[in-house]
Amino acid sequence: MSLRLRLIRRLRRDKRGTALIEFALTAPVFLLLLMGIFDYCWQMYAQQVLQGAVSQSARLSTLEGYSDSQVALDESVLSKVRDVFKDAQVTFGRKAYESYDLVGKPEPLTDKNGNGVWDTGECFEDMNGTGSWESDRGSNGNGGAEDVVLYSASMKFNRILPVWNMLGQSQATTLRAQTVLRNQPYGNNTATRVVICNK
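At position 191 of the sequence shown (counting the first as 1) the number is 191 in the numbering used here, and the numbers step up by one without a gap.
Treat the hints as calculated values from the structure; they're not laboratory data. Among the hints, erroneous ones may be present.
Derived lysine-lysine pairs resembling DSBU-like cross-links, with alpha carbons at most 35 Å apart [said to hold, decoys possible]:
id, residue 1, residue 2
1, Lys156, Lys86
2, Lys105, Lys80
3, Lys156, Lys80
4, Lys156, Lys105
Label-pair ranges, simulated between beta-carbon atoms [stated by the list, open to error]:
id, residue 1, residue 2, range
5, Asn158, Arg4, 37 to 43 Å
6, Leu25, Tyr100, 22 to 28 Å
7, Arg4, Ala24, 37 to 43 Å
8, Trp42, Leu5, 52 to 58 Å
Computed from a predicted model, the values in this text were never measured in an experiment. Ideal placement from N, C-alpha and C gives every residue a C-beta, glycine not left out.
Based on the sequences and whatever the hints tell you, model everything.
This is the structure in structure tokens:
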């Protein structure tokens, strides 16, 4: 038997080093999966931080003492978010409605052609005082007494693990949180309705 055949048989029977080769093949996939799980959990945690801060501040904003202090409430949310996410960019929005069932609904109109939007020659009810028909009847701001307020915040921050690069995604991610609450009956409701008909 030749030396070459004996060497080949010996190598085929030798199991040393197989664990190292198997680890080298599976480790990158395992590490990518592990980093993906950590990245997803970090984003879930960020969502909970943002939602908790928004909910707490929104509850305060419904009280009369805080109704005019929207900037202070936004700063409260920003402070809570930046306790954990130092470089997060947070933007805020508020829309006031007369009742819960009107949140996100368009302003009423005489829809002659049935297309669901305002066209020239149709009358509409200006609910938010903009002077034009809006697909969302909410008025910007904290509203007045007994108004329903949709308070929202958007947070943009950079992901800390490099899994985003490995998956061809952007490092920056944006999360959103919102809550709907009713203002306390601390004064007169200031809702105005004006019917506008443009030819």
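Do the hints match the structure? See the list:
1. Lys156 <-> Lys86: Cα-Cα ~11 Å, so holds.
2. Lys105 <-> Lys80: Holds, at about 32 Å.
3. Lys156 <-> Lys80: Measuring from Cα to Cα gives roughly 14 Å; hence the hint holds.
4. Lys156 <-> Lys105: holds, 27 Å
5. Asn158 <-> Arg4: 37 to 43 Å: violated, 57 Å
6. Leu25 <-> Tyr100: 22 to 28 Å: The hint (22 to 28 Å, Cβ to Cβ) is violated, given that leucine 25 and tyrosine 100 are roughly 56 Å apart.
7. Arg4 <-> Ala24: 37 to 43 Å: violated, 27 Å
8. Trp42 <-> Leu5: 52 to 58 Å: Between tryptophan 42 and leucine 5, where Cβ atoms are some 56 Å apart, the hint holds.
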